[in-house]
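For the record, the sequence lines run as chains A and B.
Counted from 1, the first sequence has number 65 at position 65 by the numbering used here; the numbering is strictly sequential.
Counted from 1, the second sequence has number 1077 at position 77 by the numbering used here; the numbering is strictly sequential.
Some hints here could point you the wrong way.
[As the list claims (entries may be wrong)] Below are the BS3-like pairs computed for lysine-lysine, each with C-alpha atoms no more than 27 Å apart in a straight line:
1) B:Lys1090 - A:Lys305
2) B:Lys1096 - A:Lys258
3) A:Lys35 - B:Lys1064
4) A:Lys36 - B:Lys1064
5) A:Lys180 - A:Lys29
6) A:Lys162 - A:Lys236
7) A:Lys29 - A:Lys305
8) A:Lys162 - A:Lys192
9) A:Lys236 - A:Lys36
10) A:Lys211 - A:Lys37
11) A:Lys35 - A:Lys192
12) A:Lys36 - B:Lys1073
13) A:Lys375 - A:Lys390
14) B:Lys1096 - A:Lys313
15) A:Lys313 - B:Lys1090
16) A:Lys35 - A:Lys25
17) B:Lys1096 - A:Lys315
18) A:Lys35 - B:Lys1090
19) A:Lys37 - B:Lys1090
20) A:Lys180 - A:Lys37
21) A:Lys36 - A:Lys162
22) A:Lys175 - A:Lys29
23) A:Lys315 - B:Lys1090
24) A:Lys305 - B:Lys1096
25) A:Lys162 - A:Lys29
26) A:Lys37 - B:Lys1096
27) A:Lys313 - A:Lys175
28) B:Lys1090 - A:Lys236
[As the list claims (entries may be wrong)] One-sided and incomplete, this derived list gives chain B residues near chain A with beta-carbon spacing under 10 Å:
29) Glu1041
30) Leu1060
31) Leu1061
32) Pro1085
33) Phe1093
[To be verified] Derived coverage of chain A by chain B (criterion: at least 3 residues anywhere in the stretch with Cβ under 8 Å from a Cβ of chain B; other residues may be distant):
34) 95-102
35) 159-170
36) 183-196
37) 226-235
38) 337-344
39) 349-358
40) 376-386
Hints are computed from structural coordinates only; laboratory data are not their basis.
Think of the CB as a built atom: it goes at the ideal place given N, C-alpha and C, for glycine as much as any other residue.
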Amino acid sequence: MNRIADVVVVGGGIIGCSVAYYLAKKGVKVIVIEKKKGLSFGASGANQGGCALQLFHPPVLELARPSLEIYRNLSQEIGYDVDYENTGSLVCSVDEEQYPDMQKHLEKKRRQGINVQLIEGDRLRELEPTLGGDVVAGVEEREGGIMNPFKVNYGFAYAARKLGTEFFLSREVKKIERDKDRITSVVTDREKIGTNFVVNAAGAWASQIGKMVGISIPVRPRRGQIIVTERLPLNKRWRYILDADYLTTAFDLAAVEKSEDPRIRLGVAGSYVQENTGNWTIGSSRDFADYTTRVTMQTIRYLAKRAARFMPKLKSVNSIRLFAGLRPFCYVDGLPILSRLNSPRNFVIATGHAGEGVTLAPITGKLISELITEKTTSISIDAFAFSRFKGLN
Amino acid sequence: MIPNDKSMRKRVHDIICRCEEITEREIRHAIRQFNLRTADEVKRLTRAGMGLCQGRTCALLVEKIISEETNRKVSEIFPSSTRPPVRPIKIEFLAKKEEKES
Chain A
1 MNRIADVVVV GGGIIGCSVA YYLAKKGVKV IVIEKKKGLS FGASGANQGG CALQLFHPPV
61 LELARPSLEI YRNLSQEIGY DVDYENTGSL VCSVDEEQYP DMQKHLEKKR RQGINVQLIE
121 GDRLRELEPT LGGDVVAGVE EREGGIMNPF KVNYGFAYAA RKLGTEFFLS REVKKIERDK
181 DRITSVVTDR EKIGTNFVVN AAGAWASQIG KMVGISIPVR PRRGQIIVTE RLPLNKRWRY
241 ILDADYLTTA FDLAAVEKSE DPRIRLGVAG SYVQENTGNW TIGSSRDFAD YTTRVTMQTI
301 RYLAKRAARF MPKLKSVNSI RLFAGLRPFC YVDGLPILSR LNSPRNFVIA TGHAGEGVTL
361 APITGKLISE LITEKTTSIS IDAFAFSRFK GLN
Chain B
1001 MIPNDKSMRK RVHDIICRCE EITEREIRHA IRQFNLRTAD EVKRLTRAGM GLCQGRTCAL
1061 LVEKIISEET NRKVSEIFPS STRPPVRPIK IEFLAKKEEK ES
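For reference, chain A alone in the conformation it holds in the complex (with noise of 0.2 Å):
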C-alpha cells in the first residue's frame, strides 16, 4: 500500500505527538510511525510528570522557559485536560554536606533569573508536613509544575488526529529511501509513505533510525526506575519536592561515575510527587542497561531507602507497582538535539531529552513545527544542532 505525508514523524511519544500536533495546526498532513501498539510505550510513559524549572541551566532553560508557558493553558489549547498544576518545586537536602551547594545552586539560580528562595529548618515541615526532620534546606522555585505525562502525550495525539493526523501503530520503519540528498519515502513493514519531511521522535531508539539515512546519533537508553504507591489522602499541595542529589545525578555523568557512593552510582536521588489520585510516585534512578525495562531490587532499595529519609511518612505506606523506562540520553553532552540535518537535507531531529521529555515536549513540537514549515525558529536551537557532533559523522 502506498502512501504520501508532508511529514512523517517516527515516534508516537510525547515529542513525537507534540510535533504532529504543531505541524497539523499550520494545516501539514502529517502521518506519525510507532512501533508498539499503542503510543506512550517508551520514556514517555514511565516518569513522574514532574518539572522543576531550577533544574535547568542555559541553554535549555531557554528551551524549558517558554514550555511551561505552554504547559498553562494546554489543556484549553488542545481540549483535553493533562492535570497540569502549577505546584512549583523544592530542591532539599537531608545532609550538612550537601547545604554549601544548595547555597551555589540558590545563587547560581538567581544569577539565571529564576525567582528562588531558601527555606531552612522546621519552616520547611510547616510547609510541606511529609518532610522528614532530617531535611535540613530547601531551595523553593514557583514556576514548575506537575502534569500527567499520559495525558499529554495521549491530548497531542487526540487534538493532531482532529487536524488530520493519521497514527499508525504496530509498524516498524525498515527503510527510508533517497534520492541523493533528500528523503523520498519511509518503508514500514506494511506500506510504502511517500513524504517530503521525516521527523526522528524515537527518543530511546533514535540512533536505530539515523542509522537509515546513514548517520550516527549518539543516543543511548538511560534507564529510570519509579516506584508507586497505593493512593493516599491528598495533601495540601505544595510542591515537587526533589534531592538536592538530583543536580548530581541527572546532570553531571562524569560525577556519577567517579562517585564511591553506590547509590549515585546508580542515579539514585529522590523525587517525589503525589499525584491528583493520591498516589505517591518515589524516582528516580539512572543507569545504562542497553534497552532492559527491568526493575533491579539494588536500585529500588536505595529509592526506598531515601524516601524513608525524606518522608519517613512513607515508611507505612504499600507500594503497589515497580517499573522502569528508558530516557533518551545524549552521551556527548546529555543535551536534546534538534536540529535539520544538510544531508539528507528534510530529515530532522528531535530527540535526546533525557530525564526532561514531558517538559519539554510543547515547546519542542512548536520549534521543530517552525523549523519545517518556516526555515527559522522563534527561539534558537542553534546549541541542539546535530553539526555539534563532528567527530562522529
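Starting from the known structure of chain A, fit chain B onto it as the hints suggest.
Chain B in isolation, oriented as in the chain A frame:
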C-alpha cells in the same frame, strides 16, 4: 459525548475496576475518544487496573470491552503488562538492607 448505540445502552454504569471505581462507560468512552487498542493504554488513561489489586480483578473484563469496541477476539488483545510486586509491599520493607544478594 457517548454515542447512543446498543452496546452503550446496556449497563454502562457498572463498575469494572473496583479499586479505582472506573465504570464501563468511562472505559468505552476512552477507547473511542483515543482509538485505544491495548489494555495498557486503557489502564493509563482511565486508571482501570491501576489500583491496589493492579488489575487482577478487572483485567479480563477490560480486555473483553476492548475486544467488543475494536471488533477483535479477546485472544487478539494485547494484555496489560504485569509488574512487581505481586502483592503490595511496604516501602520500609523495600528499603531493608539485602541479606544475601550478589
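If you look at each residue in the stretch 337-344 of chain A, do at least three have a Cβ nearer than 8 Å to any Cβ of chain B?
-> violated (count 0)
In terms of beta carbon proximity below 8 Å, does the stretch 226-235 of chain A have 3 or more residues touching chain B?
-> holds (count 4)
Pairwise hint evaluation, Lys390 (chain A) against Lys375 (chain A), where the allowed Cα distance is 27 Å at most = Status holds; Cα separation ~23 Å.
For the pair supplied as a hint, Lys180 (chain A) and Lys37 (chain A), is the alpha-carbon distance within the 27 Å limit?
-> Violated, at about 33 Å.
Minimum beta-carbon distance criterion (10 Å), Leu1061 (chain B) to chain A | violated (19 Å)
Taking 27 Å as the top limit, are the C-alpha atoms of Lys1090 (chain B) and Lys305 (chain A) close enough?
-> holds (12 Å)
CA of Lys162 (chain A) to CA of Lys236 (chain A), is that 27 Å or under?
-> violated (37 Å)
Glu1041 (chain B) as an interface hint toward chain A, with CB separation required under 10 Å | Holds: closest Cβ of chain A sits about 4 Å from Glu1041 (chain B), inside 10 Å.
Pair hint Lys1096 (chain B) and Lys313 (chain A), alpha-carbon separation not exceeding 27 Å | holds (16 Å)
Are the Cα atoms of Lys35 (chain A) and Lys25 (chain A) separated by 27 Å or less?
-> Answer holds: Lys35 (chain A) to Lys25 (chain A) is near 24 Å, not above 27 Å.
Is it true that the CA of Lys35 (chain A) sits at most 27 Å from the CA of Lys1064 (chain B)?
-> Answer holds: Lys35 (chain A) to Lys1064 (chain B) is near 24 Å, not above 27 Å.
Keeping to a limit of 27 Å between CA atoms, is the pair of Lys315 (chain A) and Lys1090 (chain B) held or broken?
-> holds (7 Å)
Of the numbered hints stated above, those contradicted by the structure are hints 6, 7, 9, 18, 19, 20, 26, 27, 30, 31, 34, 36, 38, 39 and 40, listed in ascending order.
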